[in-house]
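As you go down the protein sequences, you meet chains A, B and C in turn. So for the first sequence, my numbering puts the first residue at 1; every next one is plus one. So for the second sequence, my numbering puts the first residue at 1; every next one is plus one. So for the third sequence, my numbering puts the first residue at 1; every next one is plus one.
Please keep in mind that the hints were generated in silico from the structure rather than gathered at the bench. Errors might be hidden in some of the hints.
Pairs of lysine to aspartate or glutamate, EDC-like flavour, derived with a Cα cap of 20 Å [what the hints assert, rightly or not]: (1) 365(A) x 561(A); (2) 167(B) x 73(C); (3) 167(B) x 72(C); (4) 167(B) x 113(B); (5) 167(B) x 81(B); (6) 299(A) x 524(A).
Note that the coordinates shown come from a computational prediction; the quantities given were computed from them, not determined experimentally.
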Amino acid sequence: MATPTIPIPDHVEGAFDETQPPKFRGTYLEKVHGWVVTVDHKKIGLMYISYALIFLLVAGAEALAIRVQLARPENTAISPLVYNRIFTMHGTTMVFLVGMPILFGFGNYLIPLMIGARDMAFPRLNAFSFWISAFAGILLYYSFIGGLGLSGTGTAPDVGWFAYAPLTEKPFSPGHTVDYWAVSLLANGIGSIGTAINIIATIFSMRCKGMTLFRMPLLPWVYLTMSGLVLVAIGPLTAAQVMLLVDRYLGGHFFDTQMGGSSILWAHFFWIFGHPEVYILVLPAFAFANEIIPVFSRKAIFGYPAMVAATVGIGFISLGVWAHHMFTIGMTSFGNAFFTLSTMLVSIPTGIKTFNWLATLWGGKIRFTTAMLFSVGFLFQWLIAGLTGIMLSVSAWDWQLHNSYFVVAHFHYVLVGGILFMIFAAIYYWFPKMTGRMLNERLGKWHFWLMLVGFHLTFDLMHVPGVLGMPRQIYTYQADRGWTVWNEFISLGGFIQGAAVLVLVYNMVHSYFRGAVAGPDPWDGWTLEWSTASPPPDYNFAVEPVVASRRPLWDLKHPEDPDSAVE
Amino acid sequence: MGTVPLQHLQDEAAWQLPSRGRVGMYALIVAETAVFTIFVVAYLYYLGRDQWGPTPKQVLELPIFNTVCLLSSSLFIWLAERAIEHDNVKRFSLWWGITFLLGAIFLAGTAREWYKLIVHDHLTVRTNLFGTTFYSLVGLHATHVIVGLFLLAVVLALALTGRIGQKHSERIQVLALYWHFVDAVWVVVFTVVYVVGR
Amino acid sequence: MTTPIASSQDAKASHHERNSVHLPAPTPWPMLLALGFALVFAALVTSQGLAYLGLAIAVYAAIGWFRQVLPEEHVIHIEVETEVVAIQPSNRTVTRIDVDETHRAQLPLKTFTWISGVKGGIAGGIAMVIPAELYGLIRFHSLWYVVNLLGGAGVGDWTNPTMEQLTHFRLSAFITANIIQGVVTLLVGVLYGAMLPLWPKRPVLLGGIVAPVLWTGLLYGALNIVNPYLRGKIDWWSFAASQVLFGVVAGYTVSRLGDLKSLAQVPLAVRLGVESPGLEGGERDRGQRR
């Protein structure tokens, strides 16, 4: 065996924190006040996550409403107007009020812990970013009751989550429906950019001693890329929304086709944001997989440098693929070819990642905890989502299937089968760290299998009516179309997934009070967050850690064979 | 049973990380650049697509004096940065004040230009595509100038009341970075709107 | 935006004191500023009055925020109790692959540097011009026929040129042809650098004959679909001859620049660059384990 090249002192001082935070005993109001005024990254992270989980339930209920309406042909369970609002709000909520906040929440919570810092680089900006995003979400939902003042006749946005012009222009969307959409997402975007700046500054400037960029766990690397994407992607959306507001409030003509404005320009601007946004959402899912799969395979991640390169590569490539959402709008053949090829190019770094995860599993001593089950599910489903993505990237194929339920199935495979599965895995993995209690594994298995069955029932079958010609955002359909049976099973699967999420909710509430005590390191992990108490004290680490390898806790647990000796 | 601490590194002095203020400001500048890029693209895309006037050729004049004022303010803020680094608060206040003044002159110049365009040339946001894109792009830049001036004014007030010292030079430089960015954007806006677009 | 840079120094201090940590003090101002902004935004969709309220809150909060961080950041001190906690090293031992010192040193095995590929590509690219131009000169008495044919493939606006046009100089075609020729020969040269070690005993057979014949056949078949007109204009025998000449020259140059001989003894998997221990010197490895 190789001998360590770095001398290891033979005494220890505060390597492992087991100090408990001082128990806060105050009135209920004081507790609330404590959360409102906090600048602690852990509390803000938890607020992000719980805020997102609440909206996950809301948007999930909206999805079920859509499925109820589509379960039968010529159904009128909800009115067409409400239906338009529901699918618009479902999409907008899931992307902006669930996906981004929950991922920012995990980032907020984990990044300082993983890089051995006591807080984010700008703690007050962090609080500001959270609150502006939170208020933006509330403002968006206020539209349901805010517009006309009577409940049930609200003016929630009803233009689809991509809000194509010129439908969003004043003559076609009078009132304030579109304004609610633009204004609240504008405010939300400010919060997103603030958090992205914060994450970047934290990763560059707050690392503990010895934590070089190439010793960071992969999660901060991925979040660094994701934050860079947020910076360059949210800007175009913000700009486009400002233009839309100029049109609607000041009478401008950016997207006013009667005065020479261009609706295609909106499509370009929206998708310049919209496609990187997919990677903004999916990269953190990769980040969770990068942390969870090695720990439950009992092997170090395979190909760390390749993983970093692939992550950054995905970030760059994703900036040049946006118009594959616009093949049917009509572009030059050069444009079609370019965006087809650039889209296919994404599959190279993504493939590298998939193979590296498989190589990590290969020969490992795999422990199938619930977190690992979700991760393995993610690997399969992400592969299928990627394959349908390659199909759709071929412009000729896309002309046939664009805006059909095939596309809906494809991106839900990404968002649910990929991202949501990894979010669930992350909840099971880090819940013990955040609360000090383990989630119940038996309930977790129920959650996983229900979710898996429901997911495949819904989204595998959903490809079929798409190929049969069922368009996206359709209100209802005739019985003789041949879509009925498919839609019945799709809706059934939706409700199974709903039940699965309820199991998770029950599990979280139950385990928070009654769960087994976790201790600082329940999974035998290797990154720094497991070296401090669960939940960590306000200051994270009593002594600022110093690291010498990518797996500092491995070094600690295996002094006879530390990583730092071979690095 | 041995115990091992996490400390291995001995050369503590070697551990240097970039200033978070700077990193944060660069990140903000990247985000702002993305916003401006979209507005510039929209301006160029709609250039010359109007059915009726006024067109840029008819109404726009080269704002040379304004441009000189704004661009030279970058030089003065750089002098101010140097001064505060050497703990020369008096000189700092002088250069900082001149920077503020030049920025204010620029803003006043823009206001005069807009007044002329609105009152004499009857060009508003509603008139045509040129109006919409011109006021949005230049207005967005002017908004950044206003924010910058506000921050400059706060620092100036603190400096004049003697509450700024050498220890703040890092933060001052971060703020100056923003001002340099605002100036750099003007170079782009000037080129696109007044040189290429005319 | 001007958050102070205090905590890094604080952290250093705490490293020595070890019983008190400075953390940024809790503050309501960020939340209030966000509320103010949100109200201003909300005013856009509800009533104007909210904007004034929001603006007032925002200004108030901004001032509060400034006072929080200027001139000194407000911090709270938290007492830290550090206990010395012994970490139990894991009682599970780790399995590592047995490797000897030279394990990493074997791989990658000797291979060609990419620069030899580049040189081979350049040499072959120049050489292949000779038969192609000879054909053009003999058959059409024009230096430009071959150039135009190659360049015309990439010039979109030049559809179905006449023979008159093809035999005369045309700048865009000349530039395009040069770019195509340069890029493709360079890339193929680099590819040769990577590929030739596969068949080190007969580099000229693989690089000079087999590969050019294969891709000539591929082009012959594919061009029928891509550009039938162009296919009709190409004399395929001279085309193949120039391809083979390229292959021979490039292959010869590459194999001269790199040391091929020593590779010939090595198993194919190693020459492919498969990174697996025990392929070479396997006997010795096994001997050690026993």
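Here's how the hints hold up against the structure:
no. : hint            : result
1   : 365(A) x 561(A) : holds, 18 Å
2   : 167(B) x 73(C)  : holds, 13 Å
3   : 167(B) x 72(C)  : holds, 10 Å
4   : 167(B) x 113(B) : violated, 41 Å
5   : 167(B) x 81(B)  : holds, 12 Å
6   : 299(A) x 524(A) : holds, 12 Å
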